[in-house]
Amino acid sequence: MNASLRRALPIAAAIAALILFGWLATSQGPLAPTRVTVAKVEKGPLVASTFGIGTVEARRSYSLGPTVASRVARVLVDQGDRVKAGQLLAELDPVDLEDRVASAKLAAERAASTARAAQAQLAEARSRAQLADASAQRSAELRAKGFLSQEAADAKTHEANAARAAAEAAAAQLAAARRDHERALSELAGTGKLRAQARLASPVDGVVSARLAEPGTTLVAGQAVLQVIDPESLWIRARIDQGQAGGLRVGQPAEVVLRSDPQRAYRAEVHRLDWVSDAVTEERIVNLGFAARPEGVSVGELVEVTIRIAELPDERWVPAAAVKRVGREDGVWQVANGRAAFRPVKAGLTTLDGRTQVLDGLKAGDEVVVHSEQALKADARLKVVPAIVAAP
Amino acid sequence: MINLAGRDILHGWGKFAFTGLGLGLLVGVTLSMAGIYRGLVDDGRVLLQNGGADLWVVQRDTLGPYAEPSSVRDDAWRSLLAVRGVAAAGNVTYLTMQIPHERGDVRVMLVGFEPGQPGEPGFLVAGRPVTRSHYEAVADLRAGFRLGERIRIRRHEYTVVGLTRRMVSSGGDPMVFVPLRDAQEVQFTKDNDALVNERARTAANPAFNRPGVPGLLEAVQASQSASRSVNAVLLRLAPHADEAVVAREIRRWKHLEAYTRADMDEIVVAKLIATSSRQIFMFLVILAVVSAAIVAFIIYTMTLGKIREIAVLKLIGAKNRTIAAMILQQALGLGLIAFLVGKTAATLWAPIFPKYVLLLPGDAVLGAALVLAICALASLVAIRAALRVDPATAIGG
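These protein sequences, in sequence, are chains A and B.
Going letter by letter, the first sequence gives residues 244 to 635 in the working numbering.
Going letter by letter, the second sequence gives residues 1049 to 1445 in the working numbering.
Derived from the structure by calculation, the hints contain no laboratory data.
Predicted, not measured: the structure shown is a model, and the values here were computed from it.
Every residue gets a Cβ at the ideal spot worked out from N, C-alpha and C, and that includes glycine.
Straight-line Cα separation of at most 20 Å, EDC-like style, residue types lysine to aspartate or glutamate; simulated pairs: (1) A:K589 to A:D603; (2) B:K1238 to A:E544; (3) B:K1319 to B:D1090; (4) A:K589 to A:E558; (5) A:K283 to A:D573; (6) A:K620 to B:D1090.
For the chain A half of the interface with chain B, some residues (derived, Cβ under 7 Å), not all of them: (7) P253; (8) I296; (9) A563; (10) G597; (11) S615.
Start from the sequences and build out the full structure, keeping to the hints where you can.
So this is what it looks like as structure tokens:
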């Protein structure tokens, strides 16, 4: 090694070290420019959708129970059984109902007899009245010819009046007895209906979804013994955040993913939008019907629902990560001469895959900052890189 | 006149460079320790900054949500929004938990936020913001999740749709942002066995399961499983509003505690991380003192190693000033090399640390000044020894 090389080597090493140091100081740490990625404003179709979770429910579910307090006598079906409309499912113990029916029947018969007796009494009173009338008429004629005293004639007239009044009273009694009979008959019919209520029949063709009481259980009025659902009426009750529920309409197509089968999406359609939304959770209730009911779905199962709200054919859009809120304005950051500049824009809807519609403020082809290493400030020095973190 | 220091260094430059390198690594460790201290404090501060909030509203008489647990009803934001000066209100929940990931666990802080409200991540380094109201997550890079990955948090799987950076809890755990309702469920809904047991317990209680009142048990059980709480409400204020006035208003009329950013800074930096940051700071002081001592010893022994040559210089009539300048220049040169090496090393190894290391330019300047000052001081002792050398030792040996 000659002398000049010996002298040059340390100087070269020192210069190299200084360059390395300078590079580190300006490219790493707080003095370095912020690395950002940019994207162009693009134009294309946008599909706006909204997302919510819900549960599978039976649209029509029937709770069958007695209308008066009673004891369960027999339950003929179990959970999961298919039943037909009108099929007897359970019977309640009638206790003294039979006796009450018999008593009502007897009371009705007795009322009928009373009515018949009143009828006979009326006939008798009428006949008496006719006789008294004829007798009075005759005595009046005799009185006119002077064969009879005035007193005797007056007595006959009185007899005739009294007999007519008695006939009227008998007619009224007959009417009362008939009403009584009718009342007894309706009482009998009512008790008979109660007897029918003790037999629980299925209102529809369906499936027993719950057996809630066993024979011997005493129930209060309205408590259910069995629950029957119509499996054809299974639908989804989904809850959509109010903030994303704008634009929901009946008839919009949707995709439903069951928790038990997350790989598959089932087609469905919005069937009903509840007028009343949940004020506490701030969610709108939406009911969706399956296009074809999935096999083996259970009531109460969790589902994810994606409803397609609108399709915009040709719109300007930027990645959703680019849109920031500074102060009270939405806008995007742009790179101007290596420095950050904020540009207010009017943002429209955001699709579920993260594209935000630009209503105003940007032209197609404009470049905007999408990702950044830190929150940007106006005039911050920027360095555009293809990606801040390596793609997976 | 020739530069004696330069000549001497060139004469034995290898030895000089390696001494500088050794000292440099020591300086690097000290700078890193300063960076660790700054990073610890910064972790606490970014927690406050990245929510974009001006006021933190928490349960009364608590230091929540970071330093103490706090629970606020999730409809409290409505009445808070009605307070004059409040521009936006966002419910947030915080829960530090372990998430299974790649044959192990990651410790994260699960944050529930409402999109568009204070508390959401302010910027992304990859991916997109959360667009669905359930089962999507934005994670900090430190958590190690990749875009598109499905992570399991308690009951449900979440898709990582975006990545962010420097979003950590005060303890440095990376944050994972999920929609508020999911986070509430994670925090307040128990596991299935606990739910079933709880139901059985309620059913066994005769007060809730009365034979004559059908439906009561179901109603009680439904009310038990519902959760309508959040940990804090973050408020953003209108530009003209005075945060102290708004905070006073909320404390007085809403029966909640409200903290301004300054209060929160005090709570997080002075209370939450006070002990650990003081610990690191003490260690930093000791490391700085030890480094200074080692630098001084090395310069002193380096000079003593050249005592013969200095005697020769004196013998041939070199002035004291020349000799002193040579020693001082060498010491400063050594300090400069040590600083450059140290700073470079600290910068290079900082990203490998598991927790954030913040190397401030101010700290670096201070470090450089300190290193050069220590070198100058140490050289004074060495100069004193050199000047007392008897020129005769050059001959006598």
